[in-house]
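K.L.:
Here are the chains, one letter per residue:
Protein chains: 2
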Amino acid sequence: MNELIETGKNAKQASYFLSTIPESGKNKVLLTVARGLRTNSESIIQQNNADLENAKKNGLSGAFVDRLMLNKERIESMSAGLEEIIKLEDPVGEVLEMKKRPNGLMIGKKRVPLGVIGIIYESRPNVTIDVFGLCLKAGNAVILKGGSEAILSNKALVHIIRLGLKENGFPEDTVQLIEDTSRESTKALMKLNEYVDVLIPRGGAGLIRSVVENSTIPVIETGVGNCHVYVDRYADIEKAIAITINAKTQRPGVCNAAETLLVHETIANEFIPLAGEQLRLKRVEIRGDAYVQKLLPYAIAAKEEDWYTEYLDLILAVKVVGSDSEAIEHIRKYGSGHSESIVTENYSIANNFLDEVNSAAVYVNASTRFTDGYEFGLGAEIGISTQKLHARGPMGLKELTTIKYIIYGNGQIRT
Amino acid sequence: MNELIETGKNAKQASYFLSTIPESGKNKVLLTVARGLRTNSESIIQQNNADLENAKKNGLSGAFVDRLMLNKERIESMSAGLEEIIKLEDPVGEVLEMKKRPNGLMIGKKRVPLGVIGIIYESRPNVTIDVFGLCLKAGNAVILKGGSEAILSNKALVHIIRLGLKENGFPEDTVQLIEDTSRESTKALMKLNEYVDVLIPRGGAGLIRSVVENSTIPVIETGVGNCHVYVDRYADIEKAIAITINAKTQRPGVCNAAETLLVHETIANEFIPLAGEQLRLKRVEIRGDAYVQKLLPYAIAAKEEDWYTEYLDLILAVKVVGSDSEAIEHIRKYGSGHSESIVTENYSIANNFLDEVNSAAVYVNASTRFTDGYEFGLGAEIGISTQKLHARGPMGLKELTTIKYIIYGNGQIRT
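So the sequence lines, in the order shown, correspond to chains V and L. Each step along the first sequence adds one to the number in the working numbering, with nothing skipped, and position 254 is 355. Each step along the second sequence adds one to the number in the working numbering, with nothing skipped, and position 179 is 280.
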């Protein structure tokens, strides 16, 4: 715990340095680290191999091992990611809404870094490089708490990052890795309010819940996506099928994939058999209500819990609704507030859906798969916020900053 | 606890209604309540008298009783406050940064209400009306948890609010008061993540700390202000004296009043005796370092804890520093990140202070007392945020909203 306080102090100190560094200085560090990763890929892979062996010894699943694994190609992709971040505009320093008040005070909002960002993540070593790049470009110091299974890989990566910082005259403590991978140190990090300005958990639903429940530091919640496609009675059938298939099957393991399909009963007899056929070709398991089961004999019965579930798999819950408001109420009750899409050619119904569905991203006639920092034009993302405070939807560099008011006076006092 | 879940559900339901109501409807409710308060002032005062008697029986301090007390004048001021809110522009519905992506998707950010706001406050009944007005105008449902000492006053006020809601066809549960004033119900409210989108504590440092430590709901921290005035060696002495006196004495009991004065040693011999004289005339107690004590014989010795203290009283800690960076480091170490002001005629030093001091409001040549929603032109404020997420500095109607992405497509799928 005392050690962690030192970590916090060091990060805070580094954050003061970072807050006034111009973009060119930060870009130099990013470039040095991108090159350092390429040059040292052999030794990174060596350390990663040791992590992989331990993971296999401990009987971790193949999917787990795949997420943990680094090779030349993946390291190249991390370097390329840093070079992409170099190209993004530095959000820090912009002054917004500067105005002159009646008493002559000039008041504006200046965009500044958040300060110290804590990242708690699982065993994907690429997160180490991703979050370093984004946090640094936005002028923040970072404290990293990665999963124990990736500790040797993370140490190797952070070593290269710190060399790059030092080489460019930056404090090495701009990036610190907590090497104590115990749960106790995670809990202690979550109470480090004096030094850490925000915590961002990156990982599965369990990790995120644990951080939300235990942190006294402000948290940005990311991730869980129980996304819906609603096919309204005025839907264009072709668009509806294309969007349903894309939202479900284009990449089923990610948060913006659709998990539930809602269909207006007026169009159900026509749409569901056609969509069902396409879904079956893509090997999607259907869990439907009684109506759906009647139309699709291979559909199995959906249980109440299905409507809540983020499958992250080739499974789709399907329900027939009697009205638009039934669809909207279903989304409100069971959804996670991530992304929802209506397919309709009706102007008023589309606008009503956009008004009444309050998720981070609400679509008309498009796949939910577009909820993504790159697709939204942010250039990169550190996660997709499903909370309402500070950031909502894909979070880019701007979301890693805050503002402060700057006020130019000439002797004003309050009367 | 079960009762509280019902409260949460009712608020969520009301928030769906509120999210699509145009400004004119919300203004009608505000006007009805403003009139209702005036018409029913007698009965409100009667209930408030019962609260006051209980408070006196329980031996609560004169200052406490004063904060609790309502009279005709104070009720009129609550009504007038609601009428001011009617004049403010409704922030909901504005669409920001709408742009067309290369694939033809139109993507924009639409300003929407936060949803359900929980307010935990102490025994100032005017908070009940203030927060109702601001939250309603921004389209939010509210759950109020006021101090036990004000429960009868709050019941009377919420009764009038709910009559006004009903009369205008709004759900009464737009505003709910938790009548169980136990600590247990406060703790339960702080875990109501499923229904409450944000908690705002309004009150002293102890209340705020308790909410930050116990809430699993996102919190907006408001309030604590250990504000600094720094008189640089290039200060205009007259401005420096006027700003020091104003920041300390114009209203010492509020968060934007100055608590510590830092003085550059080059100007100390000239400035401190002059300022000291004026401060003594205003009956300000000085707690100074050795240098200050030498110049002001009546100054008492400052202890380490003085530099951390928000006195909210006619007491000022005074320290002489050897350089601008010593002043900035002092503010970083001891400050609460609220408001700080430098007095200087030097261009580069002023800019450096604006860059390096990272508080919610950083001033050049003006009193810290201006950190306030009205003074900043927001029209009204629900508090002054000293945290970095979501809102920083004075929070007006905009800070009671969030955004959602709205996306207009014509069949786009991701490839």
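Keep in mind that a hint or two might mislead.
Note that the list lumps identical chains together, so a pair holds whenever it fits in one copy or between two copies.
[To be verified] Using 20 Å as the maximum straight-line C-alpha spacing, the simulated SDA-like pairs for lysine to any residue come out as follows:
hint, residue 1, residue 2
1, Lys-157, Met-170
2, Lys-383, Leu-396
3, Lys-211, Glu-268
4, Lys-288, Asn-315
5, Lys-499, Val-196
To be clear, the hints were calculated from the coordinates, so they are not data collected in a lab.
K.L.:
Is the C-alpha distance from Lys-383 to Leu-396 at most 20 Å within one copy, between copies, in both cases, or in neither?
P.N.:
For Lys-383 and Leu-396, only the intra-copy Cα distance (18 Å) is at most 20 Å; the inter-copy one is 84 Å.
K.L.:
As a check of your reading, is Lys-288 near Asn-315 (CA-CA no more than 20 Å) within one copy, between copies, both or neither?
P.N.:
both (7 Å within a copy, 14 Å between copies)
K.L.:
Between the shortest in-copy and the shortest cross-copy C-alpha distance, which are at most 20 Å for Lys-157 and Met-170: within, between, both, or neither?
P.N.:
For Lys-157 and Met-170, the Cα distance is within 20 Å only inside one copy (11 Å; across copies 69 Å).
K.L.:
Is it within, between, both or neither when you check Lys-499 against Val-196 at 20 Å Cα-Cα?
P.N.:
Classified as both; 13 Å inside a copy, 18 Å across copies.
K.L.:
Given a CA cutoff of 20 Å, do Lys-211 and Glu-268 count as a within-copy pair, a between-copy pair, both, or neither?
P.N.:
neither (30 Å within a copy, 44 Å between copies)
In the structure shown, a violation is registered for the earlier hint numbered 3 alone.
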